[in-house]
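Numbered according to the working numbering, the sequence shown spans residues 38 to 193.
Calculated from the structure, these hints are not laboratory results. Possibly wrong hints are sitting among the right ones.
As the list claims (entries may be wrong) - Listed next, with one range per pair, are the computed distances between beta-carbon atoms:
#	residue 1	residue 2	range
1	L157	G85	31 to 39 Å
2	F116	E166	24 to 32 Å
3	F116	S193	16 to 24 Å
Bear in mind the structure is a predicted one, so any value in this text is a computation, not a measurement. Don't be surprised by glycine CBs; every beta carbon is placed ideally from N, CA and C.
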Amino acid sequence: MLIYGKGLYNIVILCVIKMPKISIIVSSEKIDKIFPAVTLATTASVMGWEAELFFTFWSLLALRKRYEVKEVSSDYKGFEENLRRAISSGAIPSWREVLEQGKKTGRLKVYACSTTMGLLGIKEEDLIEDVDVDEVVGAATFLSKAKDSDINFFIS
38 MLIYGKGLYN IVILCVIKMP KISIIVSSEK IDKIFPAVTL ATTASVMGWE AELFFTFWSL
98 LALRKRYEVK EVSSDYKGFE ENLRRAISSG AIPSWREVLE QGKKTGRLKV YACSTTMGLL
158 GIKEEDLIED VDVDEVVGAA TFLSKAKDSD INFFIS
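Kindly produce the complete structure, drawing on both the sequences and the hints.
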């Protein structure tokens, strides 16, 4: 806040700096889709941005307890073993570890699609606890949140 003038008539200028916001829709359970989405959202949150991840369709499988994301898309099968080795050796963190780091900033929100949960028979208690899904919402609710974003991605 800046104050100009002296005495009775001061001019007050209030500066509000809005940090950017990124919203990402993820619809695949493949590691080569989830990893970039989580990495972008976490990086944004560490930079002070607001970040939102909306897991819908097959990506919801990755949020279930006792489900390990293993597969890569057919286009990248040749890199699957390298990726698996890098994660298991600790050279790079798992996607869940990356997501946990983003969640610790308090600026990364994770949403699960209510419609898809119904279609796939997934209940809230089936979702992993260490990631902390912030809210189960429908597409309309997520879109109303994402409409103010500076950057929107759809990763499938």
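Hint-by-hint comparison with the structure:
1. L157 - G85: 31 to 39 Å: Holds, at about 35 Å.
2. F116 - E166: 24 to 32 Å: This hint holds: roughly 30 Å between Cβ atoms.
3. F116 - S193: 16 to 24 Å: holds (19 Å)
Consistency note: the structure conflicts with none of the earlier hints.
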